[in-house]
Amino acid sequence: MKRYAAVLIAGSLAAALLVPGCQRTVEVQTGTRTVCTAGELVSEDIKTIEVPVKDAANYRVKTVTITCDTHSGLSKLYSEAQAAIAAGDLAAAKDKLAQVVASNPTYRKAKQQLDEINAGKKPTPDTGTDPGDDPGANNGGSTTPTGSTTPTATAPSALTGWIPGTLSGWTAQKPTVDALSVAREYVPSGSSPAINLVIVAEQFSSEADAKKSIDQVVKARYGKDAANLTVNGHAAYFGTDGRSFAVIAFPAGKVMVALEMAAKSGAPKALRPQLEAAAKQLP
Amino acid sequence: MKRAWMNGLGALLVLVAGLGAVFVFSTVAADEMPDAITAGAPLFAALVLTLLFGGMPRVERIRSADRRQVTFAVAGGIAAWWLAPLIVLAQRLSDAPPGAEVVFFTLAVWGACLVLVALAIRAEKPPLTAAAAAVASVAGSATLLASWERPSSFSPFIRYAEREIWMVVAGVVFALGMLALVRAVRALGVREAAPLALSGAAAAGLLGMLGSVGELRFMAAQQWLSLLYLGIAIAIAFGAWMRLLSAVGASRAATGMLVAPVGLTLLTVVERLTGIYGPDPFEWTGIVAGSAVVVASSVVVWLAVPATRLGSSHLEPVPGRLRMGLASAAFVASLASLASPGVQATSEGHATTPFSATWIMVGAETATGWLVFSAALLVLAVVAERASAARASRIAALVAAVTSGIAAVLAAATPLHTWTTWIPADVQQTYGTEYARFVTEALVDPVRIVALVLTAAALVSAVPMLVRPASQATEEVD
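Residue numbers (my numbering), protein chains in the order written: chain A, 1 to 283; chain B, 1 to 478.
Hints are not guaranteed to be accurate.
Stated by the list, open to error - Lysine to aspartate or glutamate pairs mimicking EDC-like chemistry, simulated, CA-CA at most 20 Å apart:
#, chain 1, residue 1, chain 2, residue 2
1, A, K62, A, E44
2, A, K280, A, E185
3, A, K211, B, D426
4, A, K212, A, D241
5, A, K212, B, E348
6, A, K219, B, E434
7, A, K122, A, E185
8, A, K76, A, E44
9, A, K54, B, E149
10, A, K219, B, E149
11, A, K111, A, D95
12, A, K62, B, E149
13, A, K54, B, E434
14, A, K264, A, E185
15, A, K47, A, E80
16, A, K280, A, D115
17, A, K54, A, D89
18, A, K111, A, E80
19, A, K47, A, D69
20, A, K62, A, E80
21, A, K94, A, E50
22, A, K254, B, E434
23, A, K219, A, D209
24, A, K76, A, D89
25, A, K62, B, D35
26, A, K219, A, D126
27, A, K47, B, E348
28, A, K121, A, D89
29, A, K254, A, E40
30, A, K224, A, D241
31, A, K62, A, D89
32, A, K62, B, E348
33, A, K62, A, E40
34, A, K76, A, D55
35, A, K264, A, D225
36, A, K212, B, E434
As the list claims (entries may be wrong) - If you only want the chain A side, here are some residues facing chain B, beta carbon under 10 Å, derived:
#, residue
37, T25
38, Q29
39, V53
40, L90
It is worth saying that the hints were derived from the structure and are not from the lab.
From the three backbone atoms N, C-alpha and C, an ideal C-beta is built for every residue, glycine too.
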């Protein structure tokens, strides 16, 4: 009986160890995703293919950042509007800014300037030349510019608007900018129960995906002290990790915005007023 | 009898606590000082404490003892308490391999090594059920440790394969040392064998530290408290080991090592609840399933008295052909399920150039694969066991098989490694952040279902064997 059991075990183990030795394959994604500097997806040519595992690392999805025709036109209109403001021709500026806002309400300072003109004020011209131009900005390094339009290595303006250079009560640090996401840390400019504040804005291909990311990622990590609130018209979520961190997150169109604050005291729930105050300063 | 049993259980609990403390303090010390000092210096503190609390050895008894037994005690002490830990320390960097893997290799695997190596020693030979249970306990520990956090850093034999193979080698050295020690303990008694063993280990430790004399002075001044704590922990673990070796033998004493990962998990639960350290997030399903298998299997090892201690009157009935056929078929199917699809894994990273891969991990790479294997192995061992095992241990083995089967279902999506050799490191290094993710999804595998069904059938067919009196050593025909 023992011999039978020993032969059974040895034979079976040998067979079980030999079978997994056969070459394994893996499904990988490969291709190119083209995004506009304004944050929108221009085109996507991504395939899933099956390759041997040893070759898997060679297949990646290349992200190309270009300024698409639409946003290139917006840029031109916006520049002309700035020139008109500088020349004092507010009627022309209003016309061009209205066209910009109609196409993209969050395009740089177009909405703000238009509101100022409508209120009878003369806005200050925006001297920046590129969307998302920020002295501290850096490119995540993942872009490979191609295409007929001028490639840029800057952040999409639809995202950079969520990490302003000035935030009352906070001192902005150098932002981290990538093609589809931006983040910026802020440290308190005075006494505060928080150690710091980090704002992250991430571009998704649809509004539903942005909402899903809050449901699946933010709520999973910050599931304690959960509450729903409204911030500047956005339906937002407040939660903590129960130990140190509190967050307010909301979808803004295809963008998911999250403000995360670290508590000094270990009572993150108490950070809600500070988080709300910071969130209300955003667009 | 009841008192002896309680004493044994008490020593077992002390051993688990001692092993946990040795792991924690050696982890702290390993970061701070040379391996030779960490392995050697605490042995002197342990020796002093052993002499203080265990009593001075009776010199006359040692003088009159067989030289071979004295040699076994000294050599066993050197191998198990200096050389084996030194091999492990030499393989440890600050967090490489990660703690979960070190716990796995130096506690669960070492415990199984002791039981399996004891199979080759006639006087200590455990029943087949104990060997099968030791393997099942290792599978349970792997499930448990792979669930300490998600994504888990537990990926044995992937990133630090060579270092971990050395830890297994150290486990064999430890087992051989402990088997030499148990022989000396039986011949000389604990009071004589224990100081001899620790003296041998301390002497070897002293020789090992000669190359670190300069550092020793500095370390003694800076880190003496860490070394003292480690020495106290070693003294506690060593004392409990000696007590258990004397009372129940080597293979049953190995229960302490097998169950230690559960003890350390309880410690990490406390750490997590107090919010200081500890893995986060715990995967509770895997933790509970793995712990249940470890405990159920360890009970089998604890109850499995070596054949030589029961005598020939405890021969069990020869299993019928149907019963043996079912158990064998279940075992073969469980082995086949190790090579069949286990979980579907997805790795995605977008910290740099986006990467996305989806592939199938086979049963051998998953908790469920090894738990199904363990269940089938336990049932096969119960059915094939002829000589010996006490009925209680065989019943416990069937309970452990049921536990493994249930755990296999509960931990169906638990992979036994997160790291993979062929995925770009920049993706794997960012797992758990917003830049990368590694997720698994359980697959329904017909081979595994067949293995579970056959195991259940074999288990049911084995129950009547355990109902009959053990003394009926008769041929049985189904």
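Right, here's what the structure says about each hint:
no.: 1; hint: K62(A) - E44(A); verdict: holds, 10 Å
no.: 2; hint: K280(A) - E185(A); verdict: holds, 17 Å
no.: 3; hint: K211(A) - D426(B); verdict: violated, 28 Å
no.: 4; hint: K212(A) - D241(A); verdict: holds, 19 Å
no.: 5; hint: K212(A) - E348(B); verdict: holds, 17 Å
no.: 6; hint: K219(A) - E434(B); verdict: holds, 13 Å
no.: 7; hint: K122(A) - E185(A); verdict: violated, 32 Å
no.: 8; hint: K76(A) - E44(A); verdict: violated, 26 Å
no.: 9; hint: K54(A) - E149(B); verdict: violated, 28 Å
no.: 10; hint: K219(A) - E149(B); verdict: holds, 18 Å
no.: 11; hint: K111(A) - D95(A); verdict: holds, 12 Å
no.: 12; hint: K62(A) - E149(B); verdict: violated, 31 Å
no.: 13; hint: K54(A) - E434(B); verdict: violated, 26 Å
no.: 14; hint: K264(A) - E185(A); verdict: holds, 16 Å
no.: 15; hint: K47(A) - E80(A); verdict: violated, 41 Å
no.: 16; hint: K280(A) - D115(A); verdict: holds, 18 Å
no.: 17; hint: K54(A) - D89(A); verdict: violated, 64 Å
no.: 18; hint: K111(A) - E80(A); verdict: holds, 15 Å
no.: 19; hint: K47(A) - D69(A); verdict: violated, 26 Å
no.: 20; hint: K62(A) - E80(A); verdict: violated, 34 Å
no.: 21; hint: K94(A) - E50(A); verdict: violated, 54 Å
no.: 22; hint: K254(A) - E434(B); verdict: holds, 17 Å
no.: 23; hint: K219(A) - D209(A); verdict: holds, 14 Å
no.: 24; hint: K76(A) - D89(A); verdict: holds, 17 Å
no.: 25; hint: K62(A) - D35(B); verdict: violated, 46 Å
no.: 26; hint: K219(A) - D126(A); verdict: violated, 38 Å
no.: 27; hint: K47(A) - E348(B); verdict: holds, 15 Å
no.: 28; hint: K121(A) - D89(A); verdict: holds, 12 Å
no.: 29; hint: K254(A) - E40(A); verdict: holds, 9 Å
no.: 30; hint: K224(A) - D241(A); verdict: holds, 6 Å
no.: 31; hint: K62(A) - D89(A); verdict: violated, 44 Å
no.: 32; hint: K62(A) - E348(B); verdict: holds, 14 Å
no.: 33; hint: K62(A) - E40(A); verdict: holds, 16 Å
no.: 34; hint: K76(A) - D55(A); verdict: violated, 45 Å
no.: 35; hint: K264(A) - D225(A); verdict: holds, 17 Å
no.: 36; hint: K212(A) - E434(B); verdict: holds, 14 Å
no.: 37; hint: T25; verdict: holds, 7 Å
no.: 38; hint: Q29; verdict: holds, 4 Å
no.: 39; hint: V53; verdict: holds, 5 Å
no.: 40; hint: L90; verdict: violated, 43 Å
Of the numbered hints listed earlier, those contradicted by the structure are 3, 7, 8, 9, 12, 13, 15, 17, 19, 20, 21, 25, 26, 31, 34, 40.
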